[in-house]
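Okay, here's what each chain looks like letter by letter:
2 protein chains.
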Amino acid sequence: MKVGDTHFRSLWADPAKSRVHFIDQTRLPFAFETRSATRVEEVAEAIRVMRVRGAPLIGVAAAFGVALALEHDNSDAGLKRAVTTLKATRPTAVNLAWALDRVEAKLTGVLPHKRTELAWAEAQAIADEDVALNEAIGTHGVKLIEALYLRLKRPVNVLTHCNAGWIATVDWGTVTSPLYKAHEARIPVHVWVDETRPRNQGLLTAWELASHGVPHTLVTDNAGGHLMQRGQVDLVLVGADRVSRRGDVCNKIGTYLKALAAHANGVPFYACVPTPTIDWKVTDALAEIPIEERPADEVRIVRGLDLQGLPSQVAIASANTPVANPAFDVTPAELLTGLVTERGVFKANERDLLALWPKSQRDQAYLT
Amino acid sequence: MKVGDTHFRSLWADPAKSRVHFIDQTRLPFAFETRSATRVEEVAEAIRVMRVRGAPLIGVAAAFGVALALEHDNSDAGLKRAVTTLKATRPTAVNLAWALDRVEAKLTGVLPHKRTELAWAEAQAIADEDVALNEAIGTHGVKLIEALYLRLKRPVNVLTHCNAGWIATVDWGTVTSPLYKAHEARIPVHVWVDETRPRNQGLLTAWELASHGVPHTLVTDNAGGHLMQRGQVDLVLVGADRVSRRGDVCNKIGTYLKALAAHANGVPFYACVPTPTIDWKVTDALAEIPIEERPADEVRIVRGLDLQGLPSQVAIASANTPVANPAFDVTPAELLTGLVTERGVFKANERDLLALWPKSQRDQAYLT
Chain A
1 MKVGDTHFRS LWADPAKSRV HFIDQTRLPF AFETRSATRV EEVAEAIRVM
51 RVRGAPLIGV AAAFGVALAL EHDNSDAGLK RAVTTLKATR PTAVNLAWAL
101 DRVEAKLTGV LPHKRTELAW AEAQAIADED VALNEAIGTH GVKLIEALYL
151 RLKRPVNVLT HCNAGWIATV DWGTVTSPLY KAHEARIPVH VWVDETRPRN
201 QGLLTAWELA SHGVPHTLVT DNAGGHLMQR GQVDLVLVGA DRVSRRGDVC
251 NKIGTYLKAL AAHANGVPFY ACVPTPTIDW KVTDALAEIP IEERPADEVR
301 IVRGLDLQGL PSQVAIASAN TPVANPAFDV TPAELLTGLV TERGVFKANE
351 RDLLALWPKS QRDQAYLT
Chain B
1 MKVGDTHFRS LWADPAKSRV HFIDQTRLPF AFETRSATRV EEVAEAIRVM
51 RVRGAPLIGV AAAFGVALAL EHDNSDAGLK RAVTTLKATR PTAVNLAWAL
101 DRVEAKLTGV LPHKRTELAW AEAQAIADED VALNEAIGTH GVKLIEALYL
151 RLKRPVNVLT HCNAGWIATV DWGTVTSPLY KAHEARIPVH VWVDETRPRN
201 QGLLTAWELA SHGVPHTLVT DNAGGHLMQR GQVDLVLVGA DRVSRRGDVC
251 NKIGTYLKAL AAHANGVPFY ACVPTPTIDW KVTDALAEIP IEERPADEVR
301 IVRGLDLQGL PSQVAIASAN TPVANPAFDV TPAELLTGLV TERGVFKANE
351 RDLLALWPKS QRDQAYLT
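Just so you know, the protein sequences line up as chains A and B, in that order. Just so you know, we're using the numbering used here here: the first sequence kicks off at 1 and counts up by one. Just so you know, we're using the numbering used here here: the second sequence kicks off at 1 and counts up by one.
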């Protein structure tokens, strides 16, 4: 999407120069800076410290990471090492493993000297597919917003948690795609943006929406239940890092609390998910998906700008304050109104999902 | 309770010197500083900017504020002006209005020159009663923790939101009183402390608990649902700024989300409330209690310590990011397991509450 007057993707490759460029999201929303990587270790670092973040984007970044690795070592061992390094960066999102498995499968049985070019092409294909998937999610999701607008005849209030925006994907975003489509279609929409502690990804969402002129209001993570109770939320849209075959949604910590509030107050609650986010091997997300525990300092240290407008940080708790920092939670399928996918809007249950994705297609989705 | 080796109350008066001392809670947890006030305007400012905070404590502070005002102007007009000024500081907690009404009632029909001494005495009585009320809440509340310990035979995990600690009262605290009593009785207890954005009062709770050696872990407000889902919370204890006659609890924003999660996961959820927090005139809290909207900068600006350990702040969002900052929400009585009061533990419904507090006593509770 646009930053100023220029259209950007969140990540783009230059195979000719063996280089991958990306927006450094640890600098947002205060500074818009791009970086580049020429080695797989740099890509792994960028994923780990969340310079690139968002389930779809880290899958794409990892795929390009394999291509970079092969530039330096195209042996079987080199390929395996790259995949292992990249898989270890973040444990929760399925897209990472999915993208790596897909690239690895593509290269299996290919002679080493032919691998590199093929890896670049496959990573680029994953990136381009991601853009198409997200745009299609928008095409389906905007209908939900439009229907609410036709019924309510006033701006539609959408609440979202974390950043499932275009910078969490290659372009469009999952949650933001319907929002941008609505805005383009002149359907009035206002977005409640959850701050999303500890890393405050809501500020990225606010930055995105402000850049596009979509009306929005930042609120603390605590406020959403109150807003729903008071009828100030018409629709909740969240992203997902992994979805089970029965429709449980693993997403940023705090999503579950919003789902409970939406359910209690009759507010429709959808997860916007591209196909690769559905992990057909997982049935019960609560029991089966590992939840990443991230560093305590993410809670203790808050980054922002000082009074002079320079990047700064404060410690809100001392280093000896014990902290737990689980990064994701699971929203059981029963709390969802549905899933907005590139194929349309579906109910979140095993029967409906499996019926729409027959086994052959599920295998294809997981391993092209 | 103790700070270092010294026993403190959060606020104390020196009528001889026409002065009220208090802990400046805007400096906590980074610095322990006391302030004093000689004028009602200083007390009003301290309440408004939350140097003194917590429903019980602001009632006590306001009562002393009237005494200070009368030192300068003991006329009917002076009394009325003081009460009006103080009532306007914070709209949600009932204790503020309750304490002011009580002092005003005590002074009605009293000759101006006799008012000041009486006001000091009444404010002191309210303060001393608050200490006794909170200690009694602890005596009843600790039984809940003890029962869980006897059943679970491992440390009891209690989650709390905001700071309903001794510094939110004159001493003991509402939520912390059972925790301190448990700790004193060597019942092993571990406290999950919600950060409580935007003002991070959880850090005050963490500071209190650390000062007393009570095991605790700081978590973001987003984490509680996940912890309950995973069986890591045995009991939720929250405070209240106002409770309706049928047991709805108005408390710090975010409380409602934790109540929904507790209800969904079978975790007992209690509000710890002294009698003056029950507003017998309110039946439906959601419809009748005004919710304070606090300044946007509370969300935009985060205070803490810089890398040199000096008090500092960062802006996490720019001044033109639209922000909403509702400070409280309402948890419907149906989501509560019960209320822990100085009289014992009661179910949160109108019949049980009214039966236990017959009209004469309710009138007395509201207006001694």
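No wet-lab data here; the hints were simulated from the structure. Some hints could be false.
Short, incomplete list of chain B residues facing chain A, as computed with Cβ under 10 Å [stated by the list, open to error]:
#1 T26
#2 P29
#3 N74
#4 D194
#5 G224
#6 V302
#7 P311
#8 A315
Facing chain B, a subset of chain A residues (Cβ under 10 Å, in silico) [as the list claims (entries may be wrong)]:
#9 G4
#10 F8
#11 T220
#12 V314
If you're wondering where the values come from, they're calculated on a predicted model, not measured in any experiment. Every residue gets a Cβ at the ideal spot worked out from N, C-alpha and C, and that includes glycine.
**Item:** Hint check, failures only
**Value:** Structure breaks hints 1, 3, 9 and 10.
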